[in-house]
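Please model the entire structure based on the sequences and the hints provided.
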Amino acid sequence: MAPEEEVVVVAVVVVVVVVVVVVVVVVVVVVVVVVVVVVVVVVVVVVVVVLLLVVVGLLFEAVASSDSKHQSRVDQLIRENRRVKQINISIEIETSQERVHLIFTNLLGYRKVSALWVPKMLTPQIKLQRVQICRELLAKFDEDGEDFFRQVVTGNKSWVHHYDPESKQQSKEYRHKTSPSPKKIQSVFFRTEGASHDLLGQ
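The opening position of the sequence shown corresponds to residue 109 in the working numbering, with each subsequent residue numbered one higher.
No wet-lab data here; the hints were simulated from the structure.
Do not rely on the hints blindly, as some may be mistaken.
Said to hold, decoys possible - The calculated lysine-lysine pairs, modelled on DSSO-like cross-linking and capped at a C-alpha distance of 30 Å, are:
| # | residue 1 | residue 2 |
| --- | --- | --- |
| 1 | K193 | K285 |
| 2 | K177 | K220 |
| 3 | K280 | K193 |
| 4 | K248 | K177 |
| 5 | K248 | K193 |
| 6 | K177 | K285 |
Claimed, not checked - The calculated label-pair distances, taken between Cβ atoms and stated as ranges, are:
| # | residue 1 | residue 2 | range |
| --- | --- | --- | --- |
| 7 | D250 | R187 | 55 to 63 Å |
| 8 | Q233 | V261 | 23 to 31 Å |
| 9 | H284 | D250 | 37 to 45 Å |
Bear in mind that the values here come from a model prediction, so they are computed numbers and not experimental data.
The beta carbon of each residue, even a glycine, is placed where N, CA and C say it ideally should be.
Below, the structure written as structure tokens:
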């Protein structure tokens, strides 16, 4: 080989080695940069998640303390007026209707119930029972005559509401699950002497 050819071969080998070294260095630098970027992104994501958890925890703590602060006031308003509306309470305690609803149901255990309504139609069974009672009373009257009336005490039971609701929806009240049904009953008993007993119960 001629010296010129040797120089060319050495130059080519040097160039190839330099190119390979440069490529390896570039690949290593790119890998290091990618690893650093991934580590930075992971650290940023972890920091953001931790901050979000802290903020959410503080919000939940604030909401819980706010709810417990409002709980006694909401309970007092419901006890004063069982037909109070959620919007009125939310305005009174300056919070959202959704929050008031959560306090009603979750913290205080209230539920909305309607007063019981007396059906207007009598069933055939009830009609038959009344006819049988009337027949028995007539038979007793035939036996005893006028003295029969002195033994009779009549009664009337009526469902009475202390207000006149416009609709069933407006008559709903907040009650605990263990509360009795909201109703009032009036019973009046009459005798031939004119004495009557008026009982009002709940």
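Verification of the hints:
A hinted pair counts as satisfied when its Cα atoms are at most 30 Å apart, and K193 with K285 qualifies at roughly 19 Å. Between K177 and K220 the alpha-carbon distance is near 22 Å, which keeps this suggested pair within the 30 Å criterion. Between K280 and K193, the direct Cα distance comes to roughly 10 Å. Compliance with the 30 Å bound is thereby established for this hinted pair. With a C-alpha separation of about 67 Å, the suggested pairing of K248 with K177 is violated against the 30 Å cut-off.
Between K248 and K193 the alpha-carbon distance is near 55 Å, which puts this suggested pair outside the 30 Å criterion. Taking the CA atoms of K177 and K285, the gap is near 23 Å; set against the 30 Å cutoff, the hint holds. At roughly 56 Å, the beta carbons of D250 and R187 sit within the given window of 55 to 63 Å. Separation of Q233 from V261 is about 25 Å and conforms to the stated range, judged on CB atoms against 23 to 31 Å.
The supplied range of 37 to 45 Å is broken by H284 and D250, whose beta-carbon atoms lie about 53 Å from each other.
Checked against the numbered hints given earlier, the structure breaks hints 4, 5 and 9 and satisfies all the rest.
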